[in-house]
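Number of protein chains: 2
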Amino acid sequence: MQADIAGFQPTRESIPPPNVNYQQKTVPGLPPNAHPLNPFHFILRAASVYPDKLALAHPDVKHPAFYTYGVWAQRIQNLAYALIQAGIRPGDRVAVITPNSPMIADAHFGVLAARAIVTPVNTRLTPPEVSYILEHSGSKLILIDRDFTHLIGNTNIPTIVCHDTGRAGDPYEGFLSAGREFSAEKGWAGLDVELDENAGAVLCYTSGTTGRPKGVLTALRGSYLAAIGNAVEGQLNRESTYLWVLPMFHAAGWTYPWANVFACATQITMRSVDYPLIWKHFLNSGVTHYCGAPTVQIGIVNDPAARPLPRTISAVIAGAAPTAQLIGQLEQRGIKSVHVYGLTETYGPCTRCYDQPHWKTLTLEQRAKLMARQGQSFATAQEARVVYLPENEDDQELRDVPKDGRTVGEILMRGNIVMKEYFRDPEATRKAFQGGHFHSGDLAVWHPDGVIQIVDRSKDLIISGGENASSLAIELELSSHPHILEVSVIGRTHPKWGERPMAFVILRQEHESKWKDNHDAFAAELIRHARTRLPGFACPEWVQIVVELPKTSTGKILKTNLRKIVAKL
Amino acid sequence: MQADIAGFQPTRESIPPPNVNYQQKTVPGLPPNAHPLNPFHFILRAASVYPDKLALAHPDVKHPAFYTYGVWAQRIQNLAYALIQAGIRPGDRVAVITPNSPMIADAHFGVLAARAIVTPVNTRLTPPEVSYILEHSGSKLILIDRDFTHLIGNTNIPTIVCHDTGRAGDPYEGFLSAGREFSAEKGWAGLDVELDENAGAVLCYTSGTTGRPKGVLTALRGSYLAAIGNAVEGQLNRESTYLWVLPMFHAAGWTYPWANVFACATQITMRSVDYPLIWKHFLNSGVTHYCGAPTVQIGIVNDPAARPLPRTISAVIAGAAPTAQLIGQLEQRGIKSVHVYGLTETYGPCTRCYDQPHWKTLTLEQRAKLMARQGQSFATAQEARVVYLPENEDDQELRDVPKDGRTVGEILMRGNIVMKEYFRDPEATRKAFQGGHFHSGDLAVWHPDGVIQIVDRSKDLIISGGENASSLAIELELSSHPHILEVSVIGRTHPKWGERPMAFVILRQEHESKWKDNHDAFAAELIRHARTRLPGFACPEWVQIVVELPKTSTGKILKTNLRKIVAKL
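Chains as they are written, first to last, in the working numbering: chain C, 1 to 569; chain F, 1 to 569.
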């Protein structure tokens, strides 16, 4: 990477003026002792303190690009002016359609600097899905990567195409340069300050396993506080190097685009989840942190390039609980798991499973069992609790379940790290906020130590012989079988028990041949394994070996699709 | 400390109930996605996540006391209820008069939990000064340490005396226990939530080198954000152990009472600045962080117990710039200096001198010169700038001085880390907030790298032959003389030049004898030393060797007193 950095020249318009001033306009009437919280401000401080530090590296492309904090801040300023010149007004939505790249990192600051709302679009969606999002969000402008223009077809919305080169001649670079010209060197002081810290920040559409995606609108105040929470929980600092494995379009990258800049860390963007490349950076680029769902972590530890690391890397894991096996495999390679939990509606992570000093004396399996729990409210989050499910629609009274580790209820959140609203959907917003809390839809128990543990999404719970069987708990136990790489469990209709669990299993490559023509024997073995660990009603009745599992664009297993398969059996 | 911990039993009422719940009341009407920022909340999270972790240790007294987060939180809750039972209502002031001890740590949370305002009183003041503060603040209740009751005489204000034992029979313990009884186990949910994040948090009286002390009232929002800023800048985390060298009554302990709890760190309180004791803790108690003015740091490095430490300790230094010699001496012992700057009006530190990667190649003296600067706005602070001094009273236009490292102006701050007001002094508040910024009264230059450097308090500037000579800059240069322990420079009337600098010097013990009967020779030598480093108008005309320097109760040198001495010469 070092040689590439030395060989890269940012465009002329990316170079800040020699007398650059990182202070925003002084707004008459703004009190001296209050300033609206806004995560975009982090770039002003980082650029002021560490102008020459590497902020953003994009090395693994035909035209690698590397930006110091000083240069990156200028590009962000240029973007803000370019957006304003293009007619973007406060509160307007700007769609961004790109894999991880400098452009989407720019947007998380530049769009906010223009007082507009970032609308990141998942690049794995289909054209009709993208079309729905563009229409529903009312996006006024699209920033799109050259490789994904097919997603938008012949849209009427003004579009800036990025060739991801960082060089003059790239239309996105032209757009930035025009912004610099339009600014007439008025600099940061020429941009209006957003006075409302509750103004919209990011509009993310949930990948929703069923129905139309919903637009989750977050606020500036929440983004500021969530980003600080993530920086603190991850212990990010100016020595950190963060590798973008998680797509930045996913829940605003869990606020890490801002958390990293708050910490004055270095960020490396990769266009795709490429395991050998991840290992190249782990081994050679000083990576200290990354985020990813367990399914990505499984890919990382099982890549042939995987080897013990010279120093510890922190893996922030969310989306599902990491298994004992995964935690063990990560640790063997020098990767420390931090298990967090949250939803797009909670700016990504808002709880963390805090490891306790006395866990050090436990076995890996004991420790992993404790670590698989979703935890407690993290640094800047206010409240996460588990309440009894309402008896009926009108039942709005919230009663906490006892902290007995057994009684199942729904996880509710409150506080600054809860979204502003579902965009243009007051009915869904009202429903989600019933009783003055956000309803996560996740079912959980509350342990005596105050830790919350998800038993399932409400719709994934299996009612087997009148008992509630958590598909998640079953998956955790089954995954301890040494031949299993990945497993998903759903409920299947059963004449006697109502429902019974069915397991879909991907075998580890090295064990595939053994069971190749012997699926029944494997099923029998796995059911035996389950019986030693689970109550009878939670043991799978059926086991099916598969080559892959259906997943959403963000790596979550699509149980809806598995249910469709089962319905046809 | 370990044996003491094992031998300590908190009072029965300090033990939380087995089913303790750390959630506050759900307030009807409070939106699901916003919660007023309040640093008191940090204790709820820390106690929920690490109930059994050592939170607060008070080991160096006849009756040592040690509190886990779980027990401490219960004591804080008891205090809140006890205050309410004693008639304390939202916005009331509660005076706390004690050296560093658990009581004042309790107060920073318990008083806020009762929605009242902490008024810490400097224990080094005289009875008339304390009387003025109690009257001006309108304190409704006094929490006072047994050793300081002489400061309040026969006050009419209800008073709780603490014997600092942590044992049953201590009146303060009785007060806490009564709070537990009054709460009737309603717990945290029985306390009203403060809905206004701009409500008062702490009322600190400045030790003011001239005139009546002013009451600096800070807000909850600012306290929350400043504490997070300090935790982040100090890299405090759950592995940290913070030693209370700084008095907690000084600017709310620079918000560290909250910063440490935000980080889930351990705090050790010491009743006085006792250098051998400090070294005992450095060497045996796992201390990782402490704060103190340079004068205290000088005492630490020069103590006979000083020796190289097995692992690095962070010293957060403010109040004056550390000299090259001090930074070097600290480093020799394994203590890393973090130079920050601020005032009581900015919640303590609000800027930091960030060391840069390329400084590693510099000599200690070069590096120390750069590090002695006051720096740039820190994590959660908004803006610190240097503007031209107003030409007259009505001149309110703020114009930044050029970043040339030469032009002198005044440091101004804006944002969340600026006090709410001067309590009951609208005229002083108006004056301090002219032009929508807080006027620090500190004169500074702005360097090309964006770093602010104080040249002097406006009243300490020496006008020598029409030139502005910074007493601070002169002190920094004189202190490089190897025989000098501490030095202070003021302006003295001069028939020809108007003013000329006069230096008051404390010699290092090992050099005292050499100059004992030869003050004139030392003066000549020091003036020669100065001529090689300073312009003529800034060289001291007079040098006086003294045994000690007059200081405020918080360790700042009282130049007013030096001026009085000079006036009589």
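These are calculated hints, taken from the structure and not from any lab test.
Some hints could be false.
Which copy? The list can't say, so a pair holds if one copy fits it or any two copies do.
[Stated by the list, open to error] Here are the simulated EDC-like cross-link-like pairs (lysine to aspartate or glutamate), alpha carbons at most 20 Å apart as the crow flies:
id, residue 1, residue 2
1, Lys25, Glu512
2, Lys214, Asp517
3, Lys360, Asp52
4, Lys186, Asp400
5, Lys336, Glu427
6, Lys568, Glu512
7, Lys514, Glu421
8, Lys564, Glu499
Quick rundown of the hints versus the structure:
no., hint, result
1, Lys25 / Glu512, "neither (64 Å within a copy, 55 Å between copies)"
2, Lys214 / Asp517, "neither (44 Å within a copy, 85 Å between copies)"
3, Lys360 / Asp52, "between (41 Å within a copy, 15 Å between copies)"
4, Lys186 / Asp400, "between (55 Å within a copy, 15 Å between copies)"
5, Lys336 / Glu427, "neither (42 Å within a copy, 56 Å between copies)"
6, Lys568 / Glu512, "neither (26 Å within a copy, 96 Å between copies)"
7, Lys514 / Glu421, "neither (52 Å within a copy, 76 Å between copies)"
8, Lys564 / Glu499, "within (15 Å within a copy, 91 Å between copies)"
In summary, the structure is inconsistent with hints 1, 2, 5, 6 and 7 from the numbered list given earlier, while agreeing with the others.
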